[in-house]
Amino acid sequence: MRVVCIIPAFNEETTIGRIVSEALKHCDMVLVVDDDSQDSTVELSREAGATVIRHVLRLGTGGALSTGFRAALRADFEVFVTMDGDGQHNPNEIPIVLGPILKREADIVVGSRLLKQSESMPLFKRIGNRILSTVTSFASGTKITDSQSGFRVYQRKVLECAIHRTWDYRWASEILVKAAKANFRIKEVPITAIYLPKRQRGAGIKDGLKILHSMIRRRLEPTRFLQSKA
Amino acid sequence: MEPYAIAATALGAVMLLLTVRELVRRKKGLLQYSLWAMLWLAVILVGTVPQFYTALLFATQALGMYTPIHFVTTFSILLIFATMYLLAKRVAELNEKVNKVVQHMALNNVGGLDNVSDSRRRKE
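These protein sequences, in sequence, are chains A and B. Numbering-wise (my numbering), the first sequence opens with residue 1 and increments by one. Numbering-wise (my numbering), the second sequence opens with residue 1 and increments by one.
In short, the hints are calculated from the structure, not lab data. Errors might be hidden in some of the hints.
[Claimed, not checked] Pairs of lysine-lysine residues, derived as BS3-like cross-links and limited to a Cα-Cα distance of at most 27 Å, are as follows:
no. : chain 1 : residue 1 : chain 2 : residue 2
1   : B       : Lys97     : A       : Lys178
2   : A       : Lys25     : B       : Lys97
3   : B       : Lys89     : A       : Lys210
4   : A       : Lys25     : A       : Lys187
5   : B       : Lys100    : A       : Lys210
6   : A       : Lys143    : A       : Lys25
7   : B       : Lys89     : A       : Lys157
8   : B       : Lys100    : A       : Lys206
9   : A       : Lys210    : B       : Lys97
10  : A       : Lys178    : A       : Lys125
11  : A       : Lys116    : A       : Lys103
12  : B       : Lys97     : A       : Lys103
13  : A       : Lys157    : A       : Lys143
14  : A       : Lys103    : B       : Lys100
15  : A       : Lys206    : A       : Lys143
16  : A       : Lys157    : A       : Lys206
17  : A       : Lys143    : A       : Lys103
Just chain B, same shape as in the assembly (with noise of 0.2 Å):
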């Protein structure tokens, strides 16, 4: 086996074994936890079953690309952009409530609106 095999394989399986866990412990969904698992998967497999990779030649041939790692680098970026602009919508998501909770502690904490001469009254 190939030192880069080896190193597939090992962070493949490691990464696998994390994501059952998370998902023993619930801390992620079924779908979610499918995807990753997918990909530990075709990781381990690129590096124990070395001749898989041919597999992508039809794919790769299929989109007019050069050779099966063109493909595999192409897709993984478009991957990676797809997954930023879903966690920026998601943290845009998380600001707009966590703003929401600001404004719903600050409201719950003010006093001394229901008279309104308060003010004057405590200056003079």
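One chain only, chain A, in its complex shape (with noise of 0.2 Å):
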């Protein structure tokens, strides 16, 4: 099975090298998308041995993720990871987000943050992260403990019919949405999460309300049928 591993960045020099070195134990190729950084994480990122793809303008997680499945649907990947740049995941985890797939068990998986320790997240992450996965729960039918957790895998035939649309923090839920109202199965796993003290991404107050709005009207919406390739 040839997996790729899909990391979207964003000024991320201190940590990317790093990152796709360790990843690249794991994956046939790792690509980097860069999010129009202005640091050198491209050029740490191909010294490590990413094949990098670059945004001119930034678009945000969500936009760079898009732009790396659609790349990456253009070779023959059957399994695609997907994975922060910042550090806060990591990569040796590969192995256990992608077991599932592997054993034909699911055709997505999440590595979950707060299955395992979640004293590490911040306490008003951890709060508007359970809510968010409470609603997104709510909306795709599926148990979701993390449902803003970036660390997942992706069988093809998911990403063939389930790409997100929306740009922001919303693509984490509304493509498990999808994929759940397409019957894909979705699992989760334990990973762990490493929070450093300077880290400032992630959806804030703005973006969690974006999010609750989204998953209210994806779970109004009547269910379309989405043809799954095998």
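Reconstruct the complex from the two isolated chains, following the hints.
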């Protein structure tokens, strides 16, 4: 099974080299989608062995992942891993997240930061995450504990019909809801989350409200049949 | 002529000339030109024929407003809100188009995806 790891990155020169090197031990290719970084992210990614796609303007995490998915779908990869480039996720846990896919137990695997120790996650993020995960579970009809986790694995057939359309933080919930409505199997596995003291990223209150609104809307809209290719 | 009338007439005339120029240079469509031209003509009218203002009395009374100035200010504000809404909608549409162009450019410039072993071989 050919595996690609897609990493959206914006100004991650301090961590990207290490993440790419470690991810390459578990994947056939690492694709870094540079979201108009102003530092050495691109150069360091290439040095570490990644293939880099560059945005001329910043589109956000959702936009970068959308680009990464579309680029990777052009090749013959069967499994798509996504993870953050800021060091929050441990690339050596890729085999853990890949497990259910390789055993054919799931079509999407979400690395949940809340199934394992959650004390490392700042309290306000934990609360916000729980609220959004509850709403995403409601919208998708599937129990999800960490809907905002970017450490995921997808089978090719999922991305062929369920790529997200929103490019801000709503992508994380949108793709899960679309996949659930198309009857793809979603499973969660515990992963470790590393919160660096200076990390400022992640969805804020405004993004949270947008996600909330988006999920309520998706729950109320009629289920559209999505063709899934075997 | 009162000073405000001179100012209103001058402003209306200048803006009307600019609007006509944009129509001639095809930077504005006919419908857009017509709407703006009507507005600038109204401004010129207010300055040159103040009695024109009394023509609003009928509309003012029909709507239950106190004086014509209430009519003018209220509907000017409503028009500004509507214009702002349309502009915001247009900005959102343009933003979406820009995002698509950026993604399209990025996807057109990517290489090395045909050979899956590229990254591993490069690393070794």
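Tested hints:
no.: 1; hint: B/Lys97 x A/Lys178; in the structure: holds, 23 Å
no.: 2; hint: A/Lys25 x B/Lys97; in the structure: violated, 38 Å
no.: 3; hint: B/Lys89 x A/Lys210; in the structure: holds, 17 Å
no.: 4; hint: A/Lys25 x A/Lys187; in the structure: holds, 24 Å
no.: 5; hint: B/Lys100 x A/Lys210; in the structure: holds, 21 Å
no.: 6; hint: A/Lys143 x A/Lys25; in the structure: violated, 31 Å
no.: 7; hint: B/Lys89 x A/Lys157; in the structure: violated, 34 Å
no.: 8; hint: B/Lys100 x A/Lys206; in the structure: holds, 24 Å
no.: 9; hint: A/Lys210 x B/Lys97; in the structure: holds, 21 Å
no.: 10; hint: A/Lys178 x A/Lys125; in the structure: holds, 24 Å
no.: 11; hint: A/Lys116 x A/Lys103; in the structure: holds, 22 Å
no.: 12; hint: B/Lys97 x A/Lys103; in the structure: violated, 41 Å
no.: 13; hint: A/Lys157 x A/Lys143; in the structure: holds, 21 Å
no.: 14; hint: A/Lys103 x B/Lys100; in the structure: violated, 36 Å
no.: 15; hint: A/Lys206 x A/Lys143; in the structure: holds, 24 Å
no.: 16; hint: A/Lys157 x A/Lys206; in the structure: violated, 32 Å
no.: 17; hint: A/Lys143 x A/Lys103; in the structure: holds, 21 Å
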